[in-house]
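S.K.: I would like the entire structure built from these sequences, with the hints used as guidance.
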Amino acid sequence: MSLQITDIRKAFGGFQALDGVTLTVGEGQLVGLIGPNGAGKSTLFSVVSGFIEADTGEVRFKGADLGRQSPAARARKGLLRTFQVPREFSHLTVRDNLKAAAPGQTGEGLVGLFLRPGEVARQEVEITAKADEVIAFLRLGPVADLPSGRLSGGQKKLLELGRALMVEPSLILLDEPFAGVNPVLIEELVERIRELNARGIGFLIIEHDLQALTRLVPILHVMDRGRILASGTPGEVLEDPKVREAYLGGAA
Amino acid sequence: MFYAQLIVNGLVQGLIVGLAALAVTLVFGVARFANAATGDTMTFGAYAALIGHKATGSLVVAGGAAVGATALLSLTVYALVFRKLAGRSVVALLVTSIGVGFLLRSVLGIVFGHNQQLFTVPLVRPIRFNGLIINPFDLQLAAVAAVALVGVFLVLYATPIGRRMRAVADNRELALVSGIRPERVMIALWLLVGAVTGVAGMMLGMKTIVSPELGWEMLLPAFAAAILGGIGSPVGAVLAGLLLGVAQELSTPFVGFTYKLSISFVVLLLVLLVRPRGLFGRLEGVR
Numbered sequence: 001m002s003l004q005i006t007d008i009r010k011a012f013g014g015f016q017a018l019d020g021v022t023l024t025v026g027e028g029q030l031v032g033l034i035g036p037n038g039a040g041k042s043t044l045f046s047v048v049s050g051f052i053e054a055d056t057g058e059v060r061f062k063g064a065d066l067g068r069q070s071p072a073a074r075a076r077k078g079l080l081r082t083f084q085v086p087r088e089f090s091h092l093t094v095r096d097n098l099k100a101a102a103p104g105q106t107g108e109g110l111v112g113l114f115l116r117p118g119e120v121a122r123q124e125v126e127i128t129a130k131a132d133e134v135i136a137f138l139r140l141g142p143v144a145d146l147p148s149g150r151l152s153g154g155q156k157k158l159l160e161l162g163r164a165l166m167v168e169p170s171l172i173l174l175d176e177p178f179a180g181v182n183p184v185l186i187e188e189l190v191e192r193i194r195e196l197n198a199r200g201i202g203f204l205i206i207e208h209d210l211q212a213l214t215r216l217v218p219i220l221h222v223m224d225r226g227r228i229l230a231s232g233t234p235g236e237v238l239e240d241p242k243v244r245e246a247y248l249g250g251a252a
Numbered sequence: 001m002f003y004a005q006l007i008v009n010g011l012v013q014g015l016i017v018g019l020a021a022l023a024v025t026l027v028f029g030v031a032r033f034a035n036a037a038t039g040d041t042m043t044f045g046a047y048a049a050l051i052g053h054k055a056t057g058s059l060v061v062a063g064g065a066a067v068g069a070t071a072l073l074s075l076t077v078y079a080l081v082f083r084k085l086a087g088r089s090v091v092a093l094l095v096t097s098i099g100v101g102f103l104l105r106s107v108l109g110i111v112f113g114h115n116q117q118l119f120t121v122p123l124v125r126p127i128r129f130n131g132l133i134i135n136p137f138d139l140q141l142a143a144v145a146a147v148a149l150v151g152v153f154l155v156l157y158a159t160p161i162g163r164r165m166r167a168v169a170d171n172r173e174l175a176l177v178s179g180i181r182p183e184r185v186m187i188a189l190w191l192l193v194g195a196v197t198g199v200a201g202m203m204l205g206m207k208t209i210v211s212p213e214l215g216w217e218m219l220l221p222a223f224a225a226a227i228l229g230g231i232g233s234p235v236g237a238v239l240a241g242l243l244l245g246v247a248q249e250l251s252t253p254f255v256g257f258t259y260k261l262s263i264s265f266v267v268l269l270l271v272l273l274v275r276p277r278g279l280f281g282r283l284e285g286v287r
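If you read the sequences in order, they're chains G and L.
In terms of full-length UniProt numbering, the first sequence opens at residue 1 and continues consecutively.
In terms of full-length UniProt numbering, the second sequence opens at residue 1 and continues consecutively.
Among the hints, erroneous ones may be present.
What the hints assert, rightly or not - If the Cβ cut is set under 10 Å, some of the chain L residues that face chain G in the computed set are: (1) Arg164; (2) Ser178; (3) Ile180.
As the list claims (entries may be wrong) - According to the in silico footprint, chain G covers these stretches of chain L (three or more CB under 8 Å from chain G): (4) 168 to 176; (5) 181 to 191.
Hints are computed from structural coordinates only; laboratory data are not their basis.
Heads up, the beta-carbon is just placed ideally off N, CA and C, and yes, glycines get one too.
M.R.: Next up, the structure:
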């Protein structure tokens, strides 16, 4: 098991956002997570990525309890996330955005920078090569030297994925990767996610665009009011009367 | 020709303001507060340079002492004070930095007394160039400032730690998720800021008279330049500092020597009223 979430509960004041969520993502699996607004999907992502602490419950990654580890520590272990509203270092170029996210740089401290300049220079070459590889993979070449704040919404989503790729991820949590992205770029994103998955990277994807999502994931979980309502193949899940009532009724 | 002479004089003053503004803007961009101790840290740098110079008579040693001692002081203040207050409100940090400034000024007053002290630099014949009088010593100072600026910008824009500093300044939360260690960035930031502040203090001390109040009076022009340049923009801070230095000198025939500092007030007011994000500003820097 890559990710094991067991009985997570989280309340904000009187509102029970997560009410005992249990969910697993196997090594290299593509898993979708859907549900009406306010079902607790993004809250679950925040708990798993270490942004907020759960009241009770356990998150294990590659078998080890993540406890209270910081988002940065989880990222270095290969558990990455993206955001519903894409975030970027808007004044840095696309390439620098990627290079800033590369882990284990000797030159990230002044001591290393001045005492081991040779090593820093060598790493810079490697990191630049890696960034260029990611840029080529995501077809971001034409905008590689633009400040990332000037990218379109869809390109920013690609950049988010790119930043995750700089860290040798084993599981990426994608929060609405297709929201606000034009249809051509959605195809692009779907293709890239498939290719990455073929290389063994797992994905847990929150998405409202069911058409795009169901083509991508073999396993779907439905959340409602802080619980997992149903799990299975997209076909099974979407036929489930409980889901139809909660999800499709709730969305209308 | 008279005004051209004023501009030349203003440029060195402007470099000092620019370096101080660079220190202010770097702290604001990365650590997210207005550091009111910047001026008094400059004074510390001036005294460090003075001691170095008196002991050896060498300007190079003076510069080294200013840079080294002030960088260490800056890091110490971070470790003892600002690190503990990380995540507190901007106002809490600002007030704390005012307190740090007071403390520094008082300690310098106790240790060195309030007598005005001078750098004894050898007199050299000024260079005459098309009727302009240029002091070779000013040229040396300008060269020192240029070296300091090139150094800072190289670290900021050509090294991994600089890239990460800019990343943290840009989006702190995202930097954390991306696995960037904030502590390392902060240590580098405060060392760098201390070095810049030390150079600015040494230059100011050499141009004027060293006293415990020396740097405090530079705080307003430094803040004005940082805001004029667009807070958080290093290039903007330096250019705005130069502009302000020249503007101050140019104003002396009209408002007199005593009131030239008030130009900073006027500039500050105008910028805040007309173009609050400054010349090179980015509003989202101020979150």
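S.K.: Next step is simple, just say for each hint if it's right about the structure.
M.R.: Results of checking the hints against the structure:
Checking arginine 164 of chain L against chain G by beta carbon gives a least distance of about 6 Å; that is within 10 Å, so the hint holds. A hinted interface residue such as serine 178 of chain L counts as satisfied when its beta carbon comes closer than 10 Å to some beta carbon of chain G; here the least separation is about 4 Å, so the hint holds. This hint holds: isoleucine 180 of chain L has a C-beta 7 Å from the nearest C-beta of chain G, less than the 10 Å allowed. Coverage of a stretch by a chain is defined here by at least three residues with a beta carbon nearer than 8 Å to that chain's beta carbons; for the segment 168 to 176 of chain L and chain G the count is 6, and the condition holds.
Taking a C-beta to C-beta cut-off of 8 Å, the segment 181 to 191 of chain L contributes 6 residues in contact with chain G, enough for the three needed, and the coverage statement holds.
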